[in-house]
Amino acid sequence: MRRFLQRHVSQVALSPSLALIAIFLYGFIAYTAAVSTTNSKAFPRFDSFVGLEQYWRLFHTPRWHVAFTNMFLFGGLFLLVTISLGLVIAILIDQRIRAESFFRSIVMYPMAMSFVVTGIIWQWLLNPTLGIEVMVHQLGFTSFRLDWLTNPDTVIWALVVAAFWQGCGLVMALFLAGLRGIDEDIWKAAAVDGIPAWRVYVYIVIPMLAPVFLTVVVLLSLSIVRAFDLVVALTNGGPGVSSDLPSVFMFDMAFRRTNLGLSAASAVVMLGTVLAILIPYLYVETRERA
Amino acid sequence: MIDIRISNCNKSYGSLRVLKDINLEIERGEFIVLLGPSGCGKSTLLHIVAGLDRLSSGEIEIGGRDVTDVEPKDRDIAMVFQSYALYPTMSVRSNMEFGLRMRGKPLSEIRPLVEEKARMLHIDHLLDRRPSQLSGGQRQRVAIGRALVRDPKVFLFDEPLSNLDAKLRASMRTEIKKLHLTLGTTAIYVTHDQLEAMTLATRMVVMKAGEIQQVGKPEEVYHRPVNLFVADFLGNPGMNFMKGHLRIDGGHVVADVGAATIPLDGYAFATPPADGQAVVVGLRPESVQPATGGEAFVLTLKPTLTEHTGSDNLVVLAMGGEEIVGKFPTETLPKLGEPVTVSFDLGRLSVFDAETERRI
Ligand SMILES: Nc1ncnc2c1ncn2[C@@H]1O[C@H](COP(=O)(O)OP(=O)(O)O)[C@@H](O)[C@H]1O
Ligand SMILES: [Mg+2]
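The listed protein sequences correspond, in order, to chains A and B.
Going by our numbering, the first residue of the first sequence is number 197, and it counts up by one from there.
Going by our numbering, the first residue of the second sequence is number 2, and it counts up by one from there.
It should be emphasised that the hints constitute simulated quantities derived from the structure, not laboratory data.
Where a beta carbon is used, it is the ideal one built from N, C-alpha and C, also for glycine.
Label pairs and their computed distance ranges (CB to CB):
hint, chain 1, residue 1, chain 2, residue 2, range
1, A, Ile-302, B, Ser-16, 25 to 35 Å
2, B, Ser-95, A, Leu-288, 20 to 30 Å
3, A, Ser-297, B, Gly-15, 10 to 20 Å
4, B, Arg-104, A, Ile-217, 56 to 66 Å
Covered stretches of chain A, going by a simulated chain B footprint (3 or more residues, C-beta under 8 Å):
hint, region
5, 377-383
6, 395-406
Build the full structure now, drawing on both the sequences and the hints.
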């Protein structure tokens, strides 16, 4: 017994947390998957097995289609805006400007706030009777209109701007760290070769940041799938259901519409989406290490 | 013809003076080696010649043109770095082509040029690889190739061999030497390795704490160091130093160094010697040899330690309270404790003032 303990002390020490992970993570994933095959309403009931009917229903619910499409629309725009602007800001800060830490703090500050606070701040800023629109009117441009929050066609931009404002700092910090990690001599060699700075960025430095891009895309993608609090605080899915995301749909079905089976099915589809992002990433990462 | 002129060059980082009033003239075709301990400002001086660092004051001329305020790309120079500094996202071929393409040279002219230089450096079979797929030695060849294709007026090398293992370093050293003999391009080469400096330089510049100590041909700097620092920095094992005083005795100058009195009749004093002057007499280990009879100056000393290096025997000899090292041929291996008679090659002596540490 003692020999066994001596030899396996690390496994023994880790086993309680492994057991907890097994139960609360994988156990409940399995439980959710099981619920998604039942006709559960307010409470899980396993005597009402319906097979894959909930999935069939899910994909015939117009609101789910809006939510699922929104996730890709919001996600695509958010990734594009945050990565490109985050990279541009990182490059600007990398020019050894004066008061660098001041600018860095400004960009990083929103990270310290929860999505709920971010949502409320932008709800005020985008409110036509309180925020930016009123400010611009006071400057004399009375024809200016900013109705993102009330227009179903543009409400997605409100989400993108708020999420960008929050996520930009992290992206900038990751890119800046990557830029600072690049060998100074490469810049010197390029200067001697007569390569203009923008070409060094485009042809040499940005391609060298490929691993950072991968990390950023994965981090942001996961935050897109998880996005819930921001939507609830900023638009609450409205106007109508035009800014719904799968997470909001899932919450609504489970706790307001008492349709646990359908909610569980949507949760499983979301898990599938996350895995579709993560598995290729892990594959590339582990192959690079090997 | 002067190719590079560095005049009254100073460089400070804040209150730290990294280069102090450097003056240097380099003839076309010379291979100048900047030698000195780490942190003495060699790289800074090279960067200033390249235009990668700004001068605090002074002037730089290349090819008769004042380039003090000229961008690196317009100075007609090429540089090789210790870290190779290859562009990791490009193939070897693109690395070598990129600089010329930026200068608007047509690809039809660049291609054959790159292939010719690649053959010259034996990297023609690697042209389509990425730098990450090459060994250290191959990477440095590519870096040299990238500099060669530019066909610059001046080559600048910043410790290009320091990241390579000893054997590779030696073979790359000879190759760089051959390249210089073939091309005859002016070069400035920074190193802290005295062997590289001695073998490559047509003239070497020894630096210490931002100041030039001595400029000269390698054998001149080696045999006639201008001060104790240079004497001590060069040579392996280092020069023997014997502290003592000068004595002028009926027109003859001798140095009393404790256990011995060394005659200095044949010594070419740079400044007139004074009676009683405190001096340090320096003699390189290879000038301390077993006596064979007939030498002008011999001493009998006790060996305290012997070391084989393969090519010689290093013999540590007790001399008064101090020790000196002799570099003996391998066939002569004295027994410890049994006195041996050694001769000093008086023609190779260096005498320094003990106070100013300068050669007298
Ligand atoms: N950018 C810099 N800022 C401040 N000090 C520097 C900078 N670059 C070099 N130095 C200092 O200048 C001195 C000389 O550096 P360097 O020329 O790199 O020495 P070497 O190449 O001879 O080893 C060192 O003391 C170094 O710390
Ligand atoms: Mg250096």
